[in-house]
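Protein chains: 2
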Amino acid sequence: MKIVSEQKETDPHQNIVEVAERLFSQIGFQKTTVADIARELRMSPANVYRFFSAKAEINEAVGRRLLTETEASLEAISTQPGSASEKLRSAIAALEKANAQRFVANRKLHELLETAFNENWPIVQDHSKKLNKVLTNIISEGNSAGEFHVSDCELAAILVRSACIRFCHPRLMVECAQEPEPTLDQMVDFCLVALG
Amino acid sequence: MKIVSEQKETDPHQNIVEVAERLFSQIGFQKTTVADIARELRMSPANVYRFFSAKAEINEAVGRRLLTETEASLEAISTQPGSASEKLRSAIAALEKANAQRFVANRKLHELLETAFNENWPIVQDHSKKLNKVLTNIISEGNSAGEFHVSDCELAAILVRSACIRFCHPRLMVECAQEPEPTLDQMVDFCLVALG
Numbered sequence: 001m002k003i004v005s006e007q008k009e010t011d012p013h014q015n016i017v018e019v020a021e022r023l024f025s026q027i028g029f030q031k032t033t034v035a036d037i038a039r040e041l042r043m044s045p046a047n048v049y050r051f052f053s054a055k056a057e058i059n060e061a062v063g064r065r066l067l068t069e070t071e072a073s074l075e076a077i078s079t080q081p082g083s084a085s086e087k088l089r090s091a092i093a094a095l096e097k098a099n100a101q102r103f104v105a106n107r108k109l110h111e112l113l114e115t116a117f118n119e120n121w122p123i124v125q126d127h128s129k130k131l132n133k134v135l136t137n138i139i140s141e142g143n144s145a146g147e148f149h150v151s152d153c154e155l156a157a158i159l160v161r162s163a164c165i166r167f168c169h170p171r172l173m174v175e176c177a178q179e180p181e182p183t184l185d186q187m188v189d190f191c192l193v194a195l196g
Numbered sequence: 001m002k003i004v005s006e007q008k009e010t011d012p013h014q015n016i017v018e019v020a021e022r023l024f025s026q027i028g029f030q031k032t033t034v035a036d037i038a039r040e041l042r043m044s045p046a047n048v049y050r051f052f053s054a055k056a057e058i059n060e061a062v063g064r065r066l067l068t069e070t071e072a073s074l075e076a077i078s079t080q081p082g083s084a085s086e087k088l089r090s091a092i093a094a095l096e097k098a099n100a101q102r103f104v105a106n107r108k109l110h111e112l113l114e115t116a117f118n119e120n121w122p123i124v125q126d127h128s129k130k131l132n133k134v135l136t137n138i139i140s141e142g143n144s145a146g147e148f149h150v151s152d153c154e155l156a157a158i159l160v161r162s163a164c165i166r167f168c169h170p171r172l173m174v175e176c177a178q179e180p181e182p183t184l185d186q187m188v189d190f191c192l193v194a195l196g
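Note that the protein sequences, when read in sequence, are chains A and B. Using the UniProt record's numbering, you'd call the opening residue of the first sequence number 1 and step up by one each time. Using the UniProt record's numbering, you'd call the opening residue of the second sequence number 1 and step up by one each time.
Just so you know, the hints here were simulated from the structure itself, not pulled from any lab data. There may be inaccurate statements among the hints.
Each pair may be met inside one copy or between any two copies, as identical chains are not told apart.
[Claimed, not checked] Derived pair list, reagent style DMTMM-like, types lysine to aspartate or glutamate, alpha-carbon separation capped at 20 Å:
{"no.": "1", "residue 1": "Lys130", "residue 2": "Glu181"}
{"no.": "2", "residue 1": "Lys97", "residue 2": "Glu154"}
{"no.": "3", "residue 1": "Lys108", "residue 2": "Asp11"}
{"no.": "4", "residue 1": "Lys55", "residue 2": "Glu86"}
{"no.": "5", "residue 1": "Lys129", "residue 2": "Glu175"}
{"no.": "6", "residue 1": "Lys55", "residue 2": "Glu75"}
{"no.": "7", "residue 1": "Lys129", "residue 2": "Glu181"}
{"no.": "8", "residue 1": "Lys130", "residue 2": "Glu175"}
{"no.": "9", "residue 1": "Lys129", "residue 2": "Glu179"}
{"no.": "10", "residue 1": "Lys55", "residue 2": "Asp152"}
{"no.": "11", "residue 1": "Lys130", "residue 2": "Glu179"}
{"no.": "12", "residue 1": "Lys108", "residue 2": "Glu119"}
{"no.": "13", "residue 1": "Lys129", "residue 2": "Glu69"}
{"no.": "14", "residue 1": "Lys133", "residue 2": "Glu75"}
Just so it is clear, the structure is predicted and the values come from calculations on it, not from any experiment.
Using the sequences provided together with the hints, build the complete structure.
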């Protein structure tokens, strides 16, 4: 009880998001109400509304947290040693892995992201921009190293991400699960030929 | 009345599918019941069930009809004169056009296909195979003409279709509508480089 109040004092915004994520993963984001979240935090719903003007904002905040983790893993890959081709392959593999792991480990959180992509929430648009930026950097590095010969690295990043969308999109990943081909390596190889 | 009975005698299966498609496009496939379809055809629901063992089968039959139209337009493109590159571009453009037109002209039929793709109905798997076959033929022709240098045409067809999925998938098309890039031409150019 004491710990909860201390946390509340330190960052109520973050506490709300953390509790919401836990409830979302247990009962699903659509069934979780602001009253449920408030109850867990021993605060009034009105107090939750001081930090989030609507339940939809809490959904977005939880989604953003999940997508930020994926973005961080891609940024880590982009600064590792290795060729640009290897980094590009690792980046797409990391996107697939993040999706696949969430789907297996926590289907209800996966559903939140499916809805976010389906309804094109602002967090998804923001996520796209961040991924494009990381991929642009990797491709630009490959250009400098003579691995790639691309005139517009930003466009090339968008093309690679579009080409690999079946591995990176929470809904498509599920739809394509029963189609063995193309494998991620086949698709990345195809892109590498186009970039080279 | 006479015409309806004559049609019924000639091909009741087809009559049911045609009436179902009309009702689906008016009130949506989920709200249309077998009783509605039977009523339009002045027959009993039991009679409809002589031809389709479940409503789901009628949904599939209507979906198949829509997808068959698209397949026919792609097959027509593949036998036209022109280079393989041009045919490949026209084929992807035809897939996009079929989706986009249906979305604008008849949102409720578009929703039927969205659900079919979302739930990976057998008609969608069958459609994929047919599209892969047409694209394989085009790529193989490009190989013979020296336009492409592809070792496995079937795999290349699958890769091109995956790379272009944002233009050919009823749900993704809607999700990606607000992202101007990549354009269809940019994506096809990217694929043509990879095939060349």
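Legend entry - Earlier hints that do not hold, by number: 2, 3, 4, 6 and 10
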